[in-house]
Amino acid sequence: MAEWLASFVGGFSVLIDPITLLAALTGIIVGVIVGAIPGLGIAIAIAVSIPVTFTMPAVPVLAYMLGIYKAGTYGGSISAILMNTPGTPAAAATVLDGYPMAEQGRPVKALRIALVASVAADLMSVLVLILVAEPLARIALKFGPIEIVSLLLFSLTVVAAVSGRDILKGLLAAVFGVMLATIGFDPVAGVSRFSFGIVNLDDGISIIPMLVGLFAVSEVMFVFEQGLRRSGSGKVARVLDPDDGLTFAEVRPLMPIFVRASAIGTSIGSLPGIGSTVAAFLSYADARRRSGNPERFGKGSPEGLAAAEAGNNAVIGGALIPLLTLGIPGDVITAILLGVLTLQGITVGPLIFEEHREFVFQIFAILILSSVMLLAVGYYATQLFSRVTRFNNAIIFPIVFALCVVGTFTLRNSYFDLWTMLVFGIIGYLMRRADMPLAPLIITFVLIERFEQALRQALIIGRGDWTVFLTKPISLGFLVLTALALVSIVRSRRRSTPAASQTGGPPSSDP
Amino acid sequence: MVGIATALVAIAISVSYLLLIPSQVPALSSPFGVTSQTIPYLAGTLGLAFGGALLARGLIWRNRASDDGIPVQADPESRAGYGRLVLALVVFIGYLMVLPIAGYLLSTAVTVFVLMLLVSRDRLVLKAVLGSATAVVLFVLFAELLNIRLPTPLVRGVL
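So the protein lines, in turn, are chains A and B.
Taking my numbering, the leading residue of the first sequence gets 73, the next gets one more, and so forth.
Taking my numbering, the leading residue of the second sequence gets 289, the next gets one more, and so forth.
Pulled out of the complex, with its shape left as it was, chain A reads as follows (with noise of 0.2 angstroms):
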């Protein structure tokens, strides 16, 4: 016990921290931006930091990217709701009853709903985090390599089936996700592969100019593609009238609101695959059929502003649920912020609560903090974000290559990762062209080391019997998760008209 108050207050005192404070400020105020920017997403915001945050210590460096993935969250709103135009994938049911309320004249007052109910949301997901990770964390210490090899292939089944609009395609990103991490040096036997002699590729693709490459360089090709068009869909709401409010009383009847979508949002962002823009409109759905006036719904209704919000944001708890307890990252976010600490030599996974205890409460620490902080910077900063809406692309992609290349070439000075960023730029521009999902690629790129070790040593275990996955319940019990999962799916994208997975809408990156 007094180990674990030691680890508490040591945890804890990062709040005390000023690298830490302005570290996480920063990520805020980054994060809204880049979020209400249609186009830029977190991903890529996080992705051209990590070059830079690379030799800062881990604590305020997570500070910094879980500032940017909250306060993006939430940053979608906002040209959602002045522009008619999500932000970020995770804001489109925002703008069903947002920008009616913004063309109401109630733009502000719709602005701090979504606040209040991202920060609501988001802070009741991290607790449930706090308070089931360390019991499940306890349960996984008893998996073994055999319970790890059927609990890895349901997470990539799932993530592969259930991301993108197509089943197929999924599964192809989460096989070419397989493809990329075998080049380079076997992790077992330790022999080079598809290296083609080139030294470079000896340790394999390095995951910072990949991750820079298929996310903020293909959006930077997007653009150049479509020009103008994909900025500016919609009209920018009236001038803000700060008198335009949000009173606790109109809060009030929202609270039950944001309960369920939090709920909703936490347990959708604990699946791996799924993600915050289904969790938005699962929340938003349950709003309405429990409204006491659906009819108000699509018509600025601030109970489905504030549902769409908070499912979507209550999504960070839930997906870092498994990413702390298992090491395994459900969106690319999070497997973006695996790649970060294994990069800062932290190993995520059960362990972490024996080994790095302290960390983990920086980690509970920083995510309150940062909610807190989001509040605040989103109350007084209406105004101010609500102009970067009307940022031109013309101006803003080139300097985002920019910022690409300097943040790749900073992080071992090598021109041979600025050409892996751009192949993976093309790369990224292809699969988003040909509608497949980034996610399964990312997440089977950085779990696939793991699967294959642990499935050689379960193999040894079992010397060589494949059934011997059969043998322990667990293990069982997750391939026959996998094998239901993979029917309901199939069969539930059956029930949906086949060509809505051809043609659809536009391509955007996962998150």
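In short, the hints are calculated from the structure, not lab data.
Idealized CB from N, CA, C, for every residue including glycine.
Fair warning: there could be bad hints in the mix.
As the list claims (entries may be wrong) - Computed footprint of chain B on chain A; a stretch qualifies when at least three of its residues, placed anywhere within it, have a C-beta under 8 angstroms from a C-beta of chain B:
(1) 251-263
(2) 482-496
Claimed, not checked - Quick list of simulated restraints, FRET-style, between CB atoms:
(3) Arg505/A - Leu330/B: 23 to 31 angstroms
(4) Asp410/B - Asp275/A: 42 to 50 angstroms
(5) Ser408/B - Ile202/A: 43 to 51 angstroms
(6) Val552/A - Ala421/B: 54 to 62 angstroms
(7) Asp275/A - Ser311/B: 14 to 22 angstroms
(8) Leu548/A - Asn351/B: 37 to 45 angstroms
(9) Ala300/B - Thr539/A: 34 to 42 angstroms
(10) Ala78/A - Ala421/B: 44 to 52 angstroms
Said to hold, decoys possible - Example chain A residues on the side facing chain B (calculated, C-beta under 8 angstroms, incomplete):
(11) Ile211
(12) Phe215
(13) Leu244
(14) Phe268
(15) Ile277
(16) Pro328
(17) Asn465
(18) Phe473
(19) Val478
(20) Met508
(21) Glu524
(22) Leu527
(23) Arg528
Given chain A, put chain B in place with the hints provided.
Okay, now just chain B, sitting in the frame of chain A:
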């Protein structure tokens, strides 16, 4: 058509990957069946299977679409967009090639300016200033404040 093209590319990648395994992955024996080649063979085979399924589905849908008389329309706006994209790619490649020769400041300022022009050709002076300012700010941030060595011109004294 995009689905069929994606399937063909996926099949081509998977076949190439499978063909490369014997020459690129040493075949060390293992008493329990899993070698350095196991995961690559598994990935290549799955890629081939999923690509084949995507191709079959794409062909079936194309036949249904042609039975329904759905016309394939070309978008003239997207042709201009692809032209701009190709130009941007040429600029990206040129930048990475020139960077070690011309150094960071000059090549970045010119590249950012040219890229801004590719999207729209108005406000030339503003864009030139922004291009130069971007290069200088990033140079100061990385080279001066973070002490990171950025590419310098091969001919010293150019900048």
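Consistency of the hints with the structure:
1. Restraint check on the segment 251-263 of chain A versus chain B: 6 residues with Cβ-Cβ distances below 8 angstroms, three needed, restraint holds.
2. Coverage of the segment 482-496 of chain A by chain B holds in this model, with 6 residues showing a Cβ closer than 8 angstroms to a Cβ of that chain against a need of three.
3. Taking 23 to 31 angstroms as the suggested C-beta distance range, the pair arginine 505/A and leucine 330/B conforms, at roughly 28 angstroms.
4. Between aspartate 410/B and aspartate 275/A the beta carbons are some 46 angstroms apart, a value that agrees with the proposed interval 42 to 50 angstroms.
5. For serine 408/B paired with isoleucine 202/A, a C-beta distance near 49 angstroms keeps the hint of 43 to 51 angstroms intact.
6. Between valine 552/A and alanine 421/B the C-beta distance comes to about 59 angstroms, which sits within the given range of 54 to 62 angstroms.
7. For aspartate 275/A and serine 311/B, the Cβ-Cβ distance of about 20 angstroms falls inside the hinted range of 14 to 22 angstroms, so the restraint holds.
8. Distance hint for leucine 548/A and asparagine 351/B: a CB-CB separation of about 42 angstroms, consistent with the stated range 37 to 45 angstroms.
9. Distance hint check: the CB atoms of alanine 300/B and threonine 539/A are about 35 angstroms apart, consistent with the given range 34 to 42 angstroms.
10. Between alanine 78/A and alanine 421/B, the C-beta spacing of about 49 angstroms keeps the proposed range 44 to 52 angstroms intact.
11. The criterion of a C-beta within 8 angstroms of any C-beta in chain B is not met by isoleucine 211/A, whose closest approach is roughly 27 angstroms, and the hint is violated.
12. Nearest Cβ of chain B to the Cβ of phenylalanine 215/A: about 19 angstroms, over the 8 angstroms cut. The hint is violated.
13. Interface restraint check for leucine 244/A: the shortest CB-CB distance to chain B comes to about 5 angstroms, inside 8 angstroms, so the restraint holds.
14. Taken as an interface hint, phenylalanine 268/A checks out: its beta carbon lies about 7 angstroms from the nearest beta carbon of chain B, inside 8 angstroms.
15. Given hint, isoleucine 277/A at the interface with chain B, is violated; its Cβ is 14 angstroms from that chain's nearest Cβ, farther than 8 angstroms.
16. Annotation: interface hint on proline 328/A violated; nearest CB of chain B at approximately 44 angstroms, more than 8 angstroms.
17. Because the beta carbon of asparagine 465/A sits about 7 angstroms from the nearest beta carbon in chain B, less than 8 angstroms, this interface hint is met.
18. For phenylalanine 473/A, the interface hint holds, the least distance from its beta-carbon to any beta-carbon of chain B being 6 angstroms, beneath 8 angstroms.
19. Interface restraint check for valine 478/A: the shortest CB-CB distance to chain B comes to about 5 angstroms, inside 8 angstroms, so the restraint holds.
20. The beta carbon of methionine 508/A is positioned within 8 angstroms of a beta carbon in chain B (closest approach about 7 angstroms), and the interface hint is therefore held.
21. For the restraint placing glutamate 524/A at the interface with chain B, the shortest Cβ-Cβ distance is roughly 5 angstroms, inside the 8 angstroms limit, so the hint holds.
22. Given the 8 angstroms rule on beta carbons, the hint for leucine 527/A holds: about 6 angstroms separates it from the nearest Cβ of chain B.
23. About 5 angstroms separates the beta-carbon of arginine 528/A from the nearest beta-carbon of chain B, less than 8 angstroms, and the hint is met.
Violation of the numbered hints given earlier is confined to hints 11, 12, 15, 16; the remaining hints are satisfied by the structure.
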